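Protein chains: 2
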Amino acid sequence: MGKLVIVGTVAFDAIETPFGKTDKILGGAATFIGLSASHFNVDAAAVSVVGGDFPQEYLDLLSNKNIDISGIEIVKEGKTFFWSGRYHNDMNSRDTLVTELNTLADFNPVVPQDYRNAEVVMLGNLHPIVQLSVLEQMEEKPKLVILDTMNFWMDCALDDLHKVINKIDVITINDEEARQLTGEYSLLVAARKIHEMGPKYVVIKKGEHGALLFNNDNVFYAPALPLEEVFDPTGAGDTFAGGFAGYIAKTGDTSFENMKNAVIYGSTLASFCVEKFGTERMQNLTEGEVHKRLLQFKQLTQFEIELA
Amino acid sequence: MGKLVIVGTVAFDAIETPFGKTDKILGGAATFIGLSASHFNVDAAAVSVVGGDFPQEYLDLLSNKNIDISGIEIVKEGKTFFWSGRYHNDMNSRDTLVTELNTLADFNPVVPQDYRNAEVVMLGNLHPIVQLSVLEQMEEKPKLVILDTMNFWMDCALDDLHKVINKIDVITINDEEARQLTGEYSLLVAARKIHEMGPKYVVIKKGEHGALLFNNDNVFYAPALPLEEVFDPTGAGDTFAGGFAGYIAKTGDTSFENMKNAVIYGSTLASFCVEKFGTERMQNLTEGEVHKRLLQFKQLTQFEIELA
Numbered sequence: 000m001g002k003l004v005i006v007g008t009v010a011f012d013a014i015e016t017p018f019g020k021t022d023k024i025l026g027g028a029a030t031f032i033g034l035s036a037s038h039f040n041v042d043a044a045a046v047s048v049v050g051g052d053f054p055q056e057y058l059d060l061l062s063n064k065n066i067d068i069s070g071i072e073i074v075k076e077g078k079t080f081f082w083s084g085r086y087h088n089d090m091n092s093r094d095t096l097v098t099e100l101n102t103l104a105d106f107n108p109v110v111p112q113d114y115r116n117a118e119v120v121m122l123g124n125l126h127p128i129v130q131l132s133v134l135e136q137m138e139e140k141p142k143l144v145i146l147d148t149m150n151f152w153m154d155c156a157l158d159d160l161h162k163v164i165n166k167i168d169v170i171t172i173n174d175e176e177a178r179q180l181t182g183e184y185s186l187l188v189a190a191r192k193i194h195e196m197g198p199k200y201v202v203i204k205k206g207e208h209g210a211l212l213f214n215n216d217n218v219f220y221a222p223a224l225p226l227e228e229v230f231d232p233t234g235a236g237d238t239f240a241g242g243f244a245g246y247i248a249k250t251g252d253t254s255f256e257n258m259k260n261a262v263i264y265g266s267t268l269a270s271f272c273v274e275k276f277g278t279e280r281m282q283n284l285t286e287g288e289v290h291k292r293l294l295q296f297k298q299l300t301q302f303e304i305e306l307a
Numbered sequence: 000m001g002k003l004v005i006v007g008t009v010a011f012d013a014i015e016t017p018f019g020k021t022d023k024i025l026g027g028a029a030t031f032i033g034l035s036a037s038h039f040n041v042d043a044a045a046v047s048v049v050g051g052d053f054p055q056e057y058l059d060l061l062s063n064k065n066i067d068i069s070g071i072e073i074v075k076e077g078k079t080f081f082w083s084g085r086y087h088n089d090m091n092s093r094d095t096l097v098t099e100l101n102t103l104a105d106f107n108p109v110v111p112q113d114y115r116n117a118e119v120v121m122l123g124n125l126h127p128i129v130q131l132s133v134l135e136q137m138e139e140k141p142k143l144v145i146l147d148t149m150n151f152w153m154d155c156a157l158d159d160l161h162k163v164i165n166k167i168d169v170i171t172i173n174d175e176e177a178r179q180l181t182g183e184y185s186l187l188v189a190a191r192k193i194h195e196m197g198p199k200y201v202v203i204k205k206g207e208h209g210a211l212l213f214n215n216d217n218v219f220y221a222p223a224l225p226l227e228e229v230f231d232p233t234g235a236g237d238t239f240a241g242g243f244a245g246y247i248a249k250t251g252d253t254s255f256e257n258m259k260n261a262v263i264y265g266s267t268l269a270s271f272c273v274e275k276f277g278t279e280r281m282q283n284l285t286e287g288e289v290h291k292r293l294l295q296f297k298q299l300t301q302f303e304i305e306l307a
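Protein sequence lines correspond, in order, to chains D and B.
Every letter in the first sequence is one number past the one before it in numbering that gives the first Met the number 0, and letter 94, counting from 1, is 93.
Every letter in the second sequence is one number past the one before it in numbering that gives the first Met the number 0, and letter 36, counting from 1, is 35.
So here's chain D without its partners, still in its complex pose:
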């Protein structure tokens, strides 16, 4: 069983969708990644920071999923990172209403000693300098480093972003961000340009249209499961990344063929995440439900054409 280090926000989210709104609920990239990766029974540790206002029950929730939380710093006198957003009617776009960095503004991640030899590192969306500082703490080169990022850092910290992109193995990025990062409309050409920036593997997330995995000339396309209703997309990308990272950590196999499976697991887990507000659906997801949906994914995508 491989060790997995997860770095990212542990946060409060307040969400408005056409279906309703929430008060401050549990959110954050490391939270969604951790809940998703926990389905693979890997030895995972979350590295993050929260304030004194963060409820013990949320920390217990992560611990109960066997996520080591010794790397989550609690700044007693500080407040927890807070994000609030409102989704538009098509659920594909949203407005940020509030971003309060709070304790995140001075976050210096510390990887617990026991996890500095982890095989897999999942760098959730954060300032690229913070992501870099985690890599520098690793005592040996991890087998696989996965990075998630977003357009915000392309706008305001592009040089730092390029530094961290150059040091990682897999980048997960959405389609519009891949286009922004490379100036290329074709995702095939964009992926090629991102390869040149460092990452051997490029995962482009297309939301309801699925995800693409590139490794030079190899391409794999996992569609998203068509859903009756997307209730709340918050955390879907992180849940995808958590499933991907968890599956790789569990199997220890970084071949392209096995990464295809990691993408399928990521997509499967993300398809649950969007069914309820925040982490609600992920908190109580059973192995049986995941198994059943994987079968649906096979039916959705597999066909039998005999070719010589």
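Be careful, since some hints might not be right.
To be verified - Pairs of lysine-lysine, DSS-like flavour, derived with a Cα cap of 30 Å:
#1 D:K23 to D:K75
#2 B:K291 to D:K199
#3 B:K291 to D:K205
Keep in mind the hints are simulated off the structure, nothing from the lab.
Predicted, not measured: the structure shown is a model, and the values here were computed from it.
Given chain D, put chain B in place with the hints provided.
Same frame as chain D, now just chain B:
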């Protein structure tokens, strides 16, 4: 070998894309459908109308692909249907610059006697009344009737459109049109509503995001091959439909499992269509090229997760 009746426009197109522009070139739904279906060596007949200005070489081109053209009426004193459009930079949207109906305005399709017992009928995009009149000429109920349509008929002939939709087996429609026809954003719910209108099978085309095949609770998702460059999307939807119809006519098998393969063949053929202006790429496409790209499609989509 099954017989296939193809109804649709045979036309002149003039196309502008960011890569260049054409004079009047060969176009039309029946043309693209026919060229695509011709890859399956089925006994196909095109039913259409052109004017005296239509070059014999274009008719010969269809004949040389073993498409029976006795159902293409030539109105000597009339002019051929002409469409001109300009694609935007993203190639996903376009403006129509010119639509001259010409001989199409009074088109009364006549299915050649030899083809009134065809197993498969492909109704390309036309006025729903014209599509209906073709069905009425069939001497026995075809094994499968496939209909393509567009938003234009939803805007100006919705009642007639519903009449023909009620009489067919498979509808191919793009995602925005499926939403317009049903008032539902979720494609899963939209497909269910279209089932209720008549068609047992619903194919929703999502352009660069692939195509979905629905049969009540069964769903299949064929992604589109990621392309370096989309040179000209004109005719891609018709080429998809032609591949779908041709494969069904060849195999004579209308099971859901076989329709999955029909969708894969349709997607494969459409991926060639967009590589050059108009029909240029389809005119010279070889079996070897199709075979190679089908292998690419398998690599793109197939994975091996062992599930009980």
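Evaluation of the provided hints:
no.	hint	result
1	D:K23 to D:K75	19 Å, holds
2	B:K291 to D:K199	25 Å, holds
3	B:K291 to D:K205	26 Å, holds
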